[in-house]
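Line order of the protein sequences matches chains L and Z.
Going by our numbering, the first residue of the first sequence is number 1, and it counts up by one from there.
Going by our numbering, the first residue of the second sequence is number 1, and it counts up by one from there.
In short, the hints are calculated from the structure, not lab data.
Be careful, since some hints might not be right.
[Said to hold, decoys possible] Beta-carbon label-pair distances, calculated as ranges: (1) Z:Gly279 <-> L:Arg58: 50 to 56 Å; (2) L:Lys172 <-> Z:Ile59: 40 to 46 Å; (3) Z:Leu150 <-> L:Ala147: 34 to 40 Å; (4) L:Gly34 <-> Z:Val114: 35 to 41 Å; (5) L:Arg58 <-> Z:Phe31: 24 to 30 Å; (6) L:Lys409 <-> Z:Phe111: 41 to 47 Å; (7) L:Glu60 <-> Z:Ala184: 45 to 51 Å; (8) L:Glu60 <-> Z:Leu27: 26 to 32 Å; (9) L:Arg58 <-> Z:Arg55: 51 to 57 Å; (10) Z:Ser67 <-> L:Ser280: 36 to 42 Å.
Computed from a predicted structure; not experimentally measured.
No residue lacks a Cβ here, since even glycine has one placed at the ideal position from N, Cα and C.
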Amino acid sequence: MKRTALLTILIVALFTTAVAAAPVSIRVSGWSAGPEIEALMREQLDAFEAQNPDIKVRYEPIPVDYLTKIQVMLAAGNAPDVFFVDAVYAPQFMATGALLPLDDFMKKTGTDPDIYAPALLDAFRYEGKIYGIPKDFNTMVLYYNKALFDRFGVEYPTKDWTWSDLEEAASKLTKTDGRAVDNVYGLVLGKWPPRWLSLVYQNGGRVINDDGSLAITDPEFMEAFRFYTDLYKKGIAVMPSDVGATRERDAFGQGRVAMAMEGGWAIPTLFSNYPDLDWSAVELPMGPKGRGNISFTVSYSIPKTTKHPEAAWKLIEYLSGKENQIRILTSGHVLPSMTELFEHPHFADAPESRAVMAGVPYSRPNQYGRYSQQVIDEIEKAFDAVIVGKIDPEEALKKAESNLKKAMK
Amino acid sequence: MSVRSTDPYRRLNPTAIPYLFILPVILFTVFFKFIPIGVSLLLSFTEYDMLSSPRWVGIANYAYLLSDNDLFWTSLKNTAQYSLEVLPANIAISLLLAILVNQELKGVAFFRTVFYLPVVTSIIAVSMIWMWIYNYQVGLLNSILGLFGLGPFDWLRNPKLALHSLAIMRVWKGVGWNMVIYLAGLQGIPRYIYEAATIDGASAWTQFRRLTWPLLRPVTYYIIVMGLISTFQSFGEIYAMTQGGPLDSTTTLGYLVYQQAFQYWEMGKASATAFILFGVIFALSIAQNKFVSAEMN
């Protein structure tokens with residue numbers, strides 16, 4: 001009799017614990033930027049699960065064609081409960097109502113939006129609501145090769161440089177009278193527009209006006225575009241392929257160019273792939289209208305179709321919270337989106353990272369309205385047309401504008 | 001008798017059994033081909049970004065593409081040019097190869113296999129290898145040309161060269177397939193015809209021109225039709241090697257469909273482009289059919 005009672009208790013206990021522990025299961029997706037980044041993500045999720053035993057997280061990294069896969073999953077109502085949204089296509093997701101606004105959750109859990117750098121959070125604001133919490137960011141900086149500067153007796157760049165300082169240094173740092181493989185150039189250019197649209201902002205121009213109309217044939221835009229492409233025509237700047245490199249950071253790392261305007265993402269590459277290179281980085285030079293930069297950021301967002309919005313928010317709150325941001329910033333791969341952490345002691349000996357962070361306050365997000373991708377593609381074609389096709393910059397931009405106007409109807 | 005009546009297969013209508021065998025294929029075709037094609041036709045009359053519901057816009061997508069869209073017409077031109085470069089070269093080389101591997105030589109099976117290998121290799125793998133061959137600085141092709149003091153050429157990044165570079169690769173990839181078809185055609189021509197021609201004193205060239213080529217005409221027709229369809233749909237090599245660039249010089253209709261759908265979120269325009277592509281291929285096939293039946297009579 002005693003045994004039966006004991007058994008009953010045990011069975012009941014078994015069932016109750018099973019019910020109590022039945023965890024909510026959520027899925028999280030991001031692109032996969034290599035095994036270290038994936039391992040870092042798993043580490044963060046494990047820490048979250050340890051703190052929240054009632055939530056199980058399944059990590060589903062997407063190695064290629066991230067956007068395509070997310071689009072199809074959203075259309076099929078099968079999207080992960082938390083996923084990365086790049087600022088560049090965030091407007092499309094927000095405008096079509098694919099994402100869940102986070103304001104109510106933030107109020108409930110007392111998350112103050114002002115702890116995040118405003119330039120970053122603004123990328124995920126639409127009609128007054130917040131649709132994503134920036135997880136990290138990058139801006140553009142001016143990388144310089146100290147050895148080449150020393151060799152040509154040119155003073156290192158400072159954050160107070162202007163466009164004319166840049167051009168003057170580039171011409172002093174160009175040496176093309178020897179064998180082709182020994183040629184050195186002042187600057188490497190990149191055709192991907194976000195690499196050089198900072199110049200437009202430094203010239204007081206815009207890509208898209210606040211009302212959504214195009215500003216790429218405004219004089220401010222045209223002048224900046226002409227300044228940038230003229231560096232190439234004058235022979236003091238090159239494309240990576242001209243010096244046998246695939247990427248801008250490789251042309252710089254191989255010592256074929258003295259300077260590169262590149263995102264902070266090049267810092268880990270330069271340290272790991274070019275350990276002997278003597279280099280540093282400063283804020284971008286100032287244009288005729290002062291400072292300007294582009295911030296590249298990615299959010300954690302929740303799709304409207306999720307069945308577990310509460311659990312999804314809990315995960316976002318954890319991932320973008322202070323404890324976790326400190327964990328990932330010390331990993332050396334990313335910069336924190338919380339303004340307070342810009343002063344973290346980890347950055348005391350990292351002038352390059354500090355230069356990247358200094359660009360945030362005066363940056364604009366890397367997004368160009370609902371037609372971001374078309375806008376970027378058309379501007380890139382205009383750049384190609386000038387560099388490869390030897391077309392006049394203004395003519396190339398007018399063509400881009402007319403193509404875009406048709407597509408944006 | 002009793003044995004027969006309990007046999008379940010005997011009780012079925014005899015014509016039902018073949019249908020059962022092809023049922024999986026029919027289901028597959030209906031669910032994964034016909035239904036999506038039908039939905040795509042409907043979508044071509046809508047504006048649809050895959051996130052919000054489709055919005056009916058009538059023929060606006062077709063009007064947009066056909067009236068004032070430079071990129072569409074460039075893509076159509078690129079597609080036609082690509083086919084016109086790939087097909088004749090493919091036919092000439094595959095016929096030559098077929099005649100060669102049709103000889104009774106030792107080890108001919110080895111060559112047949114080698115020439116066929118590119119066909120069974122994935123287009124993406126082939127593209128990766130050819131990107132290396134075409135590489136501006138370290139590529140095999142420029143290294144070889146360099147020995148003769150030629151080049152270097154920027155095969156994939158020069159807007160005047162890129163489409164031709166893709167066409168060369170595509171010919172290399174495709175000749176094995178047509179070689180096999182021509183080989184089958186050649187082996188179907190009775191030997192006595194050639195014997196008779198030899199007795200009549202016809203030279204090898206005359207035999208080819210007067211016998212082989214005309215007798216292979218149905219095969220050639222088949223190759224042209226299938227080749228046009230497949231080159232008009234080319235996508236994989238462009239996606240892997242040039243992404244439609246530089247300066248849209250390699251954007252074909254197939255690639256344009258992808259770009260509209262998955263980069264620009266314009267599923268409606270992408271569907272409309274796909275149906276125009278279908279229309280073009282359909283019209284070309286009809287025209288060839290008319291032309292060939294007139295020829296053959």
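Here is what the structure says about each hint:
1. Z:Gly279 <-> L:Arg58: 50 to 56 Å: 45 Å, violated
2. L:Lys172 <-> Z:Ile59: 40 to 46 Å: 60 Å, violated
3. Z:Leu150 <-> L:Ala147: 34 to 40 Å: This hint holds: roughly 36 Å between Cβ atoms.
4. L:Gly34 <-> Z:Val114: 35 to 41 Å: 38 Å, holds
5. L:Arg58 <-> Z:Phe31: 24 to 30 Å: Holds, at about 29 Å.
6. L:Lys409 <-> Z:Phe111: 41 to 47 Å: The hinted range 41 to 47 Å is violated for Lys409 (chain L) and Phe111 (chain Z), with Cβ atoms some 56 Å apart.
7. L:Glu60 <-> Z:Ala184: 45 to 51 Å: 47 Å, holds
8. L:Glu60 <-> Z:Leu27: 26 to 32 Å: 30 Å, holds
9. L:Arg58 <-> Z:Arg55: 51 to 57 Å: Hint violated: Cβ distance 35 Å, outside 51 to 57 Å.
10. Z:Ser67 <-> L:Ser280: 36 to 42 Å: Because 54 Å falls outside the window, the suggested range is violated.
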